Structures are given as structure tokens and as C-alpha cells.
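Trainee: One line per chain: the protein sequences are A and B, in this order.
Residues in the first sequence are numbered from 1 upward in steps of one, following the numbering used here.
Residues in the second sequence are numbered from 1001 upward in steps of one, following the numbering used here.
Source of the hints: derived by calculation from the structure; they are not laboratory data.
There's no promise every hint is true.
Here are the simulated lysine to aspartate or glutamate pairs, EDC-like style, with alpha carbons at most 20 Å apart [to be verified]:
#, chain 1, residue 1, chain 2, residue 2
1, A, K126, A, E148
2, A, K112, B, D1048
3, A, K87, A, D48
4, B, K1112, A, E329
5, B, K1112, A, E52
6, B, K1179, B, E1337
7, A, K87, B, E1115
8, B, K1179, B, D1111
9, B, K1126, B, D1279
10, A, K87, A, D279
11, A, K112, B, E1337
12, A, K87, B, E1315
13, A, K87, B, E1289
Some but not every residue of chain A turned toward chain B, in silico, with C-beta under 10 Å [to be verified]:
#, residue
14, G54
15, L103
16, N107
17, A117
18, R260
19, L295
Bear in mind the structure is a predicted one, so any value in this text is a computation, not a measurement.
Backbone N, C-alpha and C define an ideal beta-carbon position, used for all residues, glycine too.
There are 2 protein chains.
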Amino acid sequence: MTRFGRSSGTTMNDVAAAAGVSQATVSLVLNGAAGTRFSEETRRRVHDAAHELGYRTNAHAKVLRDGVAGMIGFVGDFVATAPFAGKIIEGAQSRAWEAGLLLLTVNTGGDKALEAASLETMLSYKVAGVVYAAMYHRVLEVPDVLAEVPAVVLNSRDGSGRFPSIAPEEELGGYTATKRMLDAGHRRIAMINIGAVDSGLPAASGRYAGYLRALEEAGVHPEPGLHRIGDGHESGGFDNALALMSDPQPPTAIFCANDRTAWGTYQALAQLGLSIPHDVSLVGFDNQETLAPHLRPGLTTLELPFLEMGRRAIEVLLAGGERDGGNTEYFECPLVERHSVAAPLKVTSSH
Amino acid sequence: MTRFGRSSGTTMNDVAAAAGVSQATVSLVLNGAAGTRFSEETRRRVHDAAHELGYRTNAHAKVLRDGVAGMIGFVGDFVATAPFAGKIIEGAQSRAWEAGLLLLTVNTGGDKALEAASLETMLSYKVAGVVYAAMYHRVLEVPDVLAEVPAVVLNSRDGSGRFPSIAPEEELGGYTATKRMLDAGHRRIAMINIGAVDSGLPAASGRYAGYLRALEEAGVHPEPGLHRIGDGHESGGFDNALALMSDPQPPTAIFCANDRTAWGTYQALAQLGLSIPHDVSLVGFDNQETLAPHLRPGLTTLELPFLEMGRRAIEVLLAGGERDGGNTEYFECPLVERHSVAAPLKVTSSH
Chain A
1 MTRFGRSSGT TMNDVAAAAG VSQATVSLVL NGAAGTRFSE ETRRRVHDAA
51 HELGYRTNAH AKVLRDGVAG MIGFVGDFVA TAPFAGKIIE GAQSRAWEAG
101 LLLLTVNTGG DKALEAASLE TMLSYKVAGV VYAAMYHRVL EVPDVLAEVP
151 AVVLNSRDGS GRFPSIAPEE ELGGYTATKR MLDAGHRRIA MINIGAVDSG
201 LPAASGRYAG YLRALEEAGV HPEPGLHRIG DGHESGGFDN ALALMSDPQP
251 PTAIFCANDR TAWGTYQALA QLGLSIPHDV SLVGFDNQET LAPHLRPGLT
301 TLELPFLEMG RRAIEVLLAG GERDGGNTEY FECPLVERHS VAAPLKVTSS
351 H
Chain B
1001 MTRFGRSSGT TMNDVAAAAG VSQATVSLVL NGAAGTRFSE ETRRRVHDAA
1051 HELGYRTNAH AKVLRDGVAG MIGFVGDFVA TAPFAGKIIE GAQSRAWEAG
1101 LLLLTVNTGG DKALEAASLE TMLSYKVAGV VYAAMYHRVL EVPDVLAEVP
1151 AVVLNSRDGS GRFPSIAPEE ELGGYTATKR MLDAGHRRIA MINIGAVDSG
1201 LPAASGRYAG YLRALEEAGV HPEPGLHRIG DGHESGGFDN ALALMSDPQP
1251 PTAIFCANDR TAWGTYQALA QLGLSIPHDV SLVGFDNQET LAPHLRPGLT
1301 TLELPFLEMG RRAIEVLLAG GERDGGNTEY FECPLVERHS VAAPLKVTSS
1351 H
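Kindly produce the complete structure, drawing on both the sequences and the hints.
Mentor: The structure is reproduced here in C-alpha cells:
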């Protein structure tokens, strides 16, 4: 007997009707056997309908019967407390719970003793696996103790090559962002980076490499003066945008390597009396839900697919953590189109 | 034997020297026996020094010896995934770890079956207590099972009056915000609320009550047309600010009941060509770290003391959860002064 109630009377047919799909689709999606056979939208619709109707999978029925759920440990540095990466937890949490497992999260704040105690405790409680996650993409030293369970490195890469890792596809994102502005007709495209290319940040080096590839593919010679190093904060965007626009030949478009940098750029352009997108076009990176859609005009940006990456980490664990391989699975960052890119104004060259 | 290393050689004297306080102060602060004898700043300095020097308290030494830490459960609706409330977890986490306890967090996303399974599992693992937290301040129905352990309701109030609760002092915050603008010389002060006063949101009703009290105390008759109902989002601030400023006698100051509403108001005023603070003064609420300091000019606002509230929740649990009382402890929201308030321009009345 458990303290919490019985399964609801909702059937798989009810979920299928509400989601507008077949019962077979519901079964495949909810039992995690669908792979990529269905679109993300279909899968989302099925999960939403199941959630709204209170439908319980077999995994949930087992939890309800046994009273105690299996656990997956989630150890993050600042994932739970940083304002941006919550969707990683949301994705991992929802996928774990679909399998009838609880996601127990510890936010270590970078404290190595706390991290060690957390892992030790999780292992002693026989977690089914551990997600080792970072707030931003980097190369991590992963604690040896993780070799004792299925483990996966999330939003970073395991430097030792022992564990499967899941990370965003930075280079392709930088390429896509830059190509969007090239396709709109821009040729003088600046980039405000979030760190130096040699700083060890895959986001800084990867997005810059993609920027260069897109320019070169379009036959545009990259000018070193148009690549500026910010710090990933709003003020880094503000200061660098002011500097770029004071150039005798200012850019007509700017790739801001994250959304906070783009926000600072919006504020600098407003101060200069320049409009977006007509005077200057912008593309950001991250698709921060609290920022990108609320800028005026809405920011065209690349999405960090945190929800999907979080879900995928759990799937890797459920498949046994692919214990024999330390390969990295890269997730494409899709372009989210809003209103910050337009064709350039006709420019009279000053030469 | 445990897998993670030995205690460092740092002594309490080292911490005292680094923090610039006496050894007795370090001892009282780190053992949680200091109460409110020392300022928050002193306590912060001691904790920072201990953290930087890798100093281990007795509680940490015990964890290191035993290998497995005691646990406190933290069940939140969206606290870990919402972009704003992470400091609640940060505060609870750091206070728990000072006592040698791990904070295990489950983010339920509002799913009641997941919540029940989480609590059941936490209880079966003999957690020392449970923090039951909400993303925003409201009156909660708390699950009965929490009566079996020390429990505390965080950032909300227990509707049944059984459990100790910790919540922000909304009315005083609204009063302080409004008084700041009155003291600067404003008389025509609008408020853009984050919901209807009767919506059941303590933040909406409380902050409005404080606004009214400050006006009445200053002998200013509150005009119903100056109180507008937004939705807590940027667009609610934008639309309502445009409407307010189209009044034949627009306000000279606006109390925005949260920072996101203030952000929308900044965008509306910019569109109208009005400057902050010279044309219109603003005060926000929340002190969102990713927003308030980065607006131009920086937003004067009230801080939700999430770090302190999170720490206090753990202290209540460590004291046994005050099992016999369901009182609510209210935390004052301090004014954070930046640059969005100035004296009003001399106005020529249109009457």
C-alpha cells in the first residue's frame, strides 16, 4: 500500500483521442520506443495529453504499486540555480518520470567536496545512473567514481573520453546565424563573441569557426576588426556595439554570440538612434525564453536545445550509458526566426 | 574509507584572518549558532573565506568519515527550472551543506503524482526534513504526508496552518517602493500590478496595499485610474505604460510590481521618447539579477531575499521544524537603489 492514490481511469484511447493520433502512436511514444519515428511536435502532443488527462504508464503503475521509485542522480554545477539552464533539468526530469524514475538533483555550486559527497550518497542509494551536467558548454574533468554506474556528461564534453557526452553543435550554429544574414543580402557582418577564441570555451571558438565558414563560403573576406571579444554579458554587447558602429564603415549586421550580448547591442543601437532591423540586423544565440521573445523587435536567434538534450541524457542512461564509448553526441541548434533581420539599406560606399 | 579526499589543513584561525573577524565569530557563524548576532555581511564574509580556503566544519568532517551524508529533501514546483527562483535553492543548499547535509531537489513541474512519489521516496530514505517550495508566493495545499517529518513551506504559505512557512513581506515592500517615489517629490504615482488584487496572489494584493498605505500616509488621494492590472510579463508593462502615458495628466512616477513589468515600461517610455528618471521615475520589485542591474539606467527595485529565505528554511528544519506551529515568518524585501528615481520635473498643471 502506498499513501498516494490509485491510477486514474484514463485509457490509452483517451490519450490518443485528445492528441489526435492513433493508440499505437501513444503506446510507442509513452513507452519511449518511438525513437525519432515521430516529430518532436507529435511526441510533445502525446505527452501533453497524457499529462493533462492524468494517464499513467506501466512505469508509473509500478511506482504506485511499490511505493518507492527508482532514482537517477543529476549532479550539476549551477544548473538549478543559474537562470538559463533550467530546461536541461526539465527535459531530464520529464523523461525520467516517463520511465517511472525520480530525478534527484544536487546543485554543487562548483564545490568539489559537496560534489564528491553527493555522488557517494547517490551511489550508496543505488541510483540507476548519474547525469553529470554543466551550466555552460566546456570540457570537464569527470570524477572517477562515475565509472561505477551508467553515467552521461550533459551540456559539456568529458575530457578523458570515458563517458558519453551530449553537447550543442556550436560550429553549425555560428554558420547558420551568419548565413541567415548573408542570405538577407548583408556582406559587412560583424561578430561580438562571448570570449576569446582560445579561451577554451567551445561556444566561443565553435561559433566563431561557423561565422568564418559562412563568410568564406559566400566569398566574403573576414575582416579581423569586425570580430570583437565580449564577455557574454549585456555590457560586453553594449560596449562592443558602440565601438563597431563608430567605425567609418560600420557593419550592417552583427552576429551576437549570445542573447545577452544581443540585448546590450539593442541598448547601444537605441542610444545611437539606430533601428533594428532597418539600420542594423542582428542574430543572437541561446534563445533565452526570458529575453529573446521580449526584445523589441523580437530577436532572431539560435536555440540551445536544452529540453531535448536533457531528455536524451536520460535515454542514454536507460540504455545502460553506452558504457563502452566516450563519444559525444552533438545537438543541432535550430534557428528561431523573429524580427531582427532585414535586407541592408542601400549603402553609398565612402570610398 | 571514502573515495573523496581528506579534510584540508586549513584551521579556523586561517578563516578568521581571511575574513577579518575573531576565531569565536568564525566558530559561531559556521556552526550556525550565531543567530542574528552578526550582520548578514559578516556571515557572508566568514562563509566566503571558509569556502575559498576549503575549510571543513565538524559536520563536513563527519560526512568525510562516514562516506554518506544525511539528506534534506527539497520539493519544488518549478523552482529549479524557472529562471528566477534559483537563489532559493542556492541558499538552502549552502546552509544544508554547512550542516553536512545534502539537499536533494525534485522539480515536480506541478505533477501531483510525481510530487507524491518524490515525497514517498524521500521519506523511505529517511531524510532529515523536507522543504516544500513554490516558484512564486501563494497559499498552498500541502500534502498530508509532510506531517511525518520536519517540514517547512518556502516562498508560500501553508493554507492549512499546520506547517511553518517562510514568505516575503509583500505589503511592506509595496509601501517602501511607493514611499521612495513620494520622498523624491512625486505625487502622481501610478502602479502597474502583476495581477488583480482579488486574484489570490499575495504579491498582487500585498504590494497594492502597501502602495495605498504609503499614498494615504503622505496625504495623496489614490486615483483608481492610476492602478492598472498587468500580467507580470514584459508586455503587461509595455501596454499599461503606453496607456498611462496617454492620460491627459500622466503620472510622473510608476511603481511596477515586478521587474519584468518595469522592463516593458522602459521599452514603452523609450518608444514615446521619454527618459528615465527625468521624465518618469520607476521602481520595480524582485531585483532579478539578470534584469534589474542591466537596464539602462539601472532599475531601483525591491529585492526578494531568496538566498536568506532558503537558508532560513533549512534552519527551521534543523531546529525540528517547529512542529507545533504553523506560523509564517515574513522576510523584509530591502530597497536596492540604482538610477531610475529622480525628482519630478516642474509640471504646469493642465487645469
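Trainee: Indicate, hint by hint, whether the structure satisfies it.
Mentor: Structure-based check of each hint:
About 11 Å separates the Cα atoms of K126/A and E148/A, which keeps this hinted pair within 20 Å; it holds. Simply put, K112/A and D1048/B have alpha-carbon atoms about 15 Å apart, close enough for the 20 Å limit, and the pair holds. Note on K87/A and D48/A: the hinted pairing holds, with a Cα-Cα distance of about 16 Å set against a maximum of 20 Å. Annotation: proposed proximity of K1112/B to E329/A is violated, straight-line Cα distance about 33 Å (limit 20 Å).
Between K1112/B and E52/A the alpha-carbon distance is near 11 Å, which keeps this suggested pair within the 20 Å criterion. In summary, the hint linking K1179/B to E1337/B is supported, as the alpha carbons are separated by about 13 Å, within the 20 Å threshold. With a C-alpha separation of about 19 Å, the suggested pairing of K87/A with E1115/B holds against the 20 Å cut-off. The suggested pairing of K1179/B with D1111/B is violated, with an alpha-carbon distance near 41 Å, which exceeds 20 Å.
Distance check on the hinted pair: K1126/B and D1279/B sit about 59 Å apart at the alpha-carbon level, beyond 20 Å; violated. For a cut-off of 20 Å, the pair hint linking K87/A to D279/A is broken: about 34 Å separates their Cα positions. Proposed proximity of K112/A and E1337/B is contradicted: the alpha carbons are some 36 Å apart, above 20 Å. Distance restraint check for K87/A and E1315/B: the Cα-Cα separation of roughly 29 Å exceeds the 20 Å cut-off, and the hinted pair is therefore not satisfied.
Restraint check: the Cα-Cα separation between K87/A and E1289/B comes to about 19 Å, which is no more than 20 Å; the hinted pair holds. A least Cβ separation of about 7 Å between G54/A and chain B falls short of the 10 Å threshold, and the interface hint therefore holds. Restraint check, L103/A versus chain B: the minimum CB separation of about 7 Å is within 10 Å; hint holds. The beta carbon of N107/A is positioned within 10 Å of a beta carbon in chain B (closest approach about 6 Å), and the interface hint is therefore held.
Taking 10 Å as the C-beta cut-off, the interface hint given for A117/A holds, the closest approach to chain B being about 5 Å. Because the closest C-beta pair between R260/A and chain B is about 8 Å apart, less than 10 Å, the hint holds. For L295/A, the suggested interface contact is upheld, since its CB lies about 8 Å from the closest CB of chain B, less than 10 Å.
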